[in-house]
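Going down the list, the protein sequences come from chains A and B. Residues 24 to 379 (this note's numbering) are what the first sequence spells out, left to right. Residues 15 to 519 (this note's numbering) are what the second sequence spells out, left to right.
Hints listed in this document are in silico derivations from the structure and should not be mistaken for laboratory results. It should be emphasised that the depicted structure is a prediction, and the values quoted were computed from it without experimental measurement. All the given hints hold, so there is nothing to weed out.
A partial selection of chain B residues facing chain A, derived with a Cβ cut-off under 7 Å:
no.	residue
1	PHE376
2	PHE379
3	LEU389
For each residue, glycine too, the CB sits at the ideal point set by N, CA and C.
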Amino acid sequence: MNNVLRIDRLEPLIIPMTALLFALILFAIFITLVGADPFGVFHSIYRGAFGSWFSWQNTLVRAAPLMLTALCTALPARMGLIVIGGEGAFVLGGLCSALTGLMLVGSPAWFAISMMMLAGAITGGLWIAAAGALKYRRGVNETISSLLMNYIAIAVMNFLIIGVLRDPATLNKPSTYPIDEAHMFVDIGNSSIHWGLVVSIVICLLLWFLSRRTVFGYAVDIAGGNERAARIARLPVGFLVLATCFLGGASAGIAGMIEVAAIHGRANTSLNAGYGYEGILIAFLARHNPLLIIPAAILMGGIRAASGLLQRSHDLPDATSLVMQGIIFIVILGSESLYGRFKIFRQQHSSERAVA
Amino acid sequence: MTIPSPYLLEALIIRKVFDDFVALDDVSLKLARGSFHALLGENGAGKSTLVKCIMGYYHPDGGNILLDNKEVSINNPRDAHNLGIGMVYQHFTLIPNMTVAENLILARPHLPAMIDWKSELAELETRMATMPFKVPLQSNINTLSAGEKQKVEIIKQLLLDSRLLILDEPTSVLTPNEADEVLGQIKGMVDDNGLSVLIITHKFREVTGFADEVTVLRRGKYVGSCKVAGTETKTMAAMMMGSEVIAEPLARAETKQNETLLEIDQLSAESSSGETAIESLSLNVRAGEIVGIAGVSGNGQRELVEVLAGQRDIANGSIRLHGETFDATRRQARLHNLHCLPEEPLKNACVPNMSVAENMAFNNFDIPPYALKGLLINRGRIRERARTLITQFKVRTETEDTRIGALSGGNVQRAVLARELSGDIDVLVVANPVFGLDFKAVEEIHNRIMAARNNGTAVLLVSEDLDELLELSDCIHVISGGKLVYQTTPSEADRSVIGQHMAGH
Ligand SMILES: Nc1ncnc2c1ncn2[C@@H]1O[C@H](COP(=O)(O)OP(=O)(O)OP(=O)(O)O)[C@@H](O)[C@H]1O
Ligand SMILES: [Mg+2]
Chain A
24 MNNVLRIDRL
34 EPLIIPMTAL
44 LFALILFAIF
54 ITLVGADPFG
64 VFHSIYRGAF
74 GSWFSWQNTL
84 VRAAPLMLTA
94 LCTALPARMG
104 LIVIGGEGAF
114 VLGGLCSALT
124 GLMLVGSPAW
134 FAISMMMLAG
144 AITGGLWIAA
154 AGALKYRRGV
164 NETISSLLMN
174 YIAIAVMNFL
184 IIGVLRDPAT
194 LNKPSTYPID
204 EAHMFVDIGN
214 SSIHWGLVVS
224 IVICLLLWFL
234 SRRTVFGYAV
244 DIAGGNERAA
254 RIARLPVGFL
264 VLATCFLGGA
274 SAGIAGMIEV
284 AAIHGRANTS
294 LNAGYGYEGI
304 LIAFLARHNP
314 LLIIPAAILM
324 GGIRAASGLL
334 QRSHDLPDAT
344 SLVMQGIIFI
354 VILGSESLYG
364 RFKIFRQQHS
374 SERAVA
Chain B
15 MTIPSPYLLE
25 ALIIRKVFDD
35 FVALDDVSLK
45 LARGSFHALL
55 GENGAGKSTL
65 VKCIMGYYHP
75 DGGNILLDNK
85 EVSINNPRDA
95 HNLGIGMVYQ
105 HFTLIPNMTV
115 AENLILARPH
125 LPAMIDWKSE
135 LAELETRMAT
145 MPFKVPLQSN
155 INTLSAGEKQ
165 KVEIIKQLLL
175 DSRLLILDEP
185 TSVLTPNEAD
195 EVLGQIKGMV
205 DDNGLSVLII
215 THKFREVTGF
225 ADEVTVLRRG
235 KYVGSCKVAG
245 TETKTMAAMM
255 MGSEVIAEPL
265 ARAETKQNET
275 LLEIDQLSAE
285 SSSGETAIES
295 LSLNVRAGEI
305 VGIAGVSGNG
315 QRELVEVLAG
325 QRDIANGSIR
335 LHGETFDATR
345 RQARLHNLHC
355 LPEEPLKNAC
365 VPNMSVAENM
375 AFNNFDIPPY
385 ALKGLLINRG
395 RIRERARTLI
405 TQFKVRTETE
415 DTRIGALSGG
425 NVQRAVLARE
435 LSGDIDVLVV
445 ANPVFGLDFK
455 AVEEIHNRIM
465 AARNNGTAVL
475 LVSEDLDELL
485 ELSDCIHVIS
495 GGKLVYQTTP
505 SEADRSVIGQ
515 HMAGH
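Input sequences plus hints: build the corresponding full structure.
Structure follows, in structure tokens:
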């Protein structure tokens, strides 16, 4: 009986998949209403996301930062905290890593890249840890505080790059001075995928390992599952809150660093492109499992990568892919309440018995 | 013309299977109209499962339910309510953070979309006058003791005008006096108002005192039913346990009463609502001694245990273990072998969604051999140890990987006991350790606590059951209003004097 694929074990897979399908149907209705052909649109999304090696590259480049910003919501969620401050940690992480890069112009690439990554991680980590500390010490709702902190982070970046940090050569798009050419991430082989993708996947795997296999992850499971039980076991609940928030924020900060070091070469308003918000969606889609975040991010990255093609071949606005993501997000969130509701996942064995 | 059936409720050949585990194996129960019917069985026998099937909380895999001789389909608790069946669950279902009055009003079916709180409250107050006992309507649920919460749960059902009231171990969190009061009032409603009651209990005293009939289950099977009048408790016990032998109480061994292991010095703490709950309380417990704390619930016991369990901050004063000030860290708790068994273990000491094995490892998942080098979890070892503990403490669970939230109430208690009572224990803090356990388990747990004492553990036993305290303690303190007001020993104890001090006189 044990090696048979049991349907009750499949519940965490079947529910999100069905929800996804339902979301696609809703999206198809939306597309029909705006006057386009839903099948054509789905086909284009597929082509634009996964249809060719070229679109795969596009998709993976977009997926890389999403994996990391998703971790920013997923890790604190294991402690029972809903943090949506990935955008702020991303922006500040990118900004500080760019500044670090500027100070290290001319130094060896391995050193500069490590330092930039460290700067991004620490900035993003401290930023989200601050929301965690506010929650733990003062009872401030972490969802609200991390959301508001996004606006602060974006304002701080704008203030600095329009002001003291501005490279006068950047006229219509204020930016910092560029970092050293030699410190940029290069592409893997002759693809257009940069090494940031590898870094992102490795971080997901590491944090998955941390949360599933280590003493730290076990303690987080206890404290996230029942704080009173964690206290009776005398686990350092405050430290665990700060640590998960820090690790989540650090991931988003590294995402910002990668964006700077692989794409823009400097910090500017392009950093504020919604990767942090999209990460929230992916974390929920993956049910806060760092391993499942990888495919979920690729899926969402694909949808975003296809938006250009939608514009060109169906004359749909750029925001169409956002509408699609929005629908998926709402449906997936709604489906969370369905766990445990379906008899089929519970009564498999009794029905087998009845047949036998 | 058919003769009306004497039965109000008949549950016939009910079958319920969880995964591969048969929790109810074609069980039947017939409840006569206007009777007080007790459902007996050891922990994990399937009592809660049976009544949850009747309530539509679970869907049975076989069998049918007849009400007034007509087959009914009950798909959810709301259907049951509409048919006039109300139930008080073994675990509390009140909404924390709301007041008692709000909880009672919100439980009403067909609530209007807009609640006129003022008039609802006025109506509630008039109806409360007809209720068997009083509850503080304006208090927040969080601040109530277990006993008070249970009263609110019962009143909630009585207010719904149920004609059949199902009670799942309603008295396991009440003192004997409270239990007698509550059950007496319910019995009155059975005799005068034609209410029918189905009650699950582990206490024969309550069965012989109040019930008319009993039905007994054992390991998911129907054993028999009979009238209470004319049946000896011995016979009922034999029906429950079959041929299993029950442990004899363990004798109190002479221990050299030497070192003071636990010192509580001028301790003060606040309750959740910010009022003073314990005030300058001082108490010493020596090795090889059980110190009992008696008191009516809500007099600071809960807060005292929470402080010792690390769930509540100290406002003033200190705790010393082996003469060293305790800083409530995991390192120190381990160094001094401090263990705690709080009440309501599922809520206080478990993560319901983690497995039995994982829950059993909360105290040592971070040290070898359960964690390689103190870093990497070795699940194999954790499960292996859990299997040993499960056998040793006779926890009834499908496997060690079952989530602990799916265990029967008594078995959750055993699982936590297994975790806290294995290994070296220098100081043990216990609160109401046998709530919800069957009589065989009670004896077993008492023996384990006594064995720990005989081995030199310092035990602080907080209990609302005076019999338990008199049986186990070497010395008894009475707590009232957050202070220790009276001290005695079991041999010199006078129940009425203790009672007076408990009542605050
Ligand atoms: N949701 C569930 N999933 C799996 N097993 C369950 C579930 N609910 C109950 N069981 C199992 O069914 C058995 C009967 O449980 P039940 O709660 O009915 O016992 P009980 O007679 O009420 O015991 P107690 O006196 O300890 O409350 C137990 O062994 C329990 O582990
Ligand atoms: Mg039960």
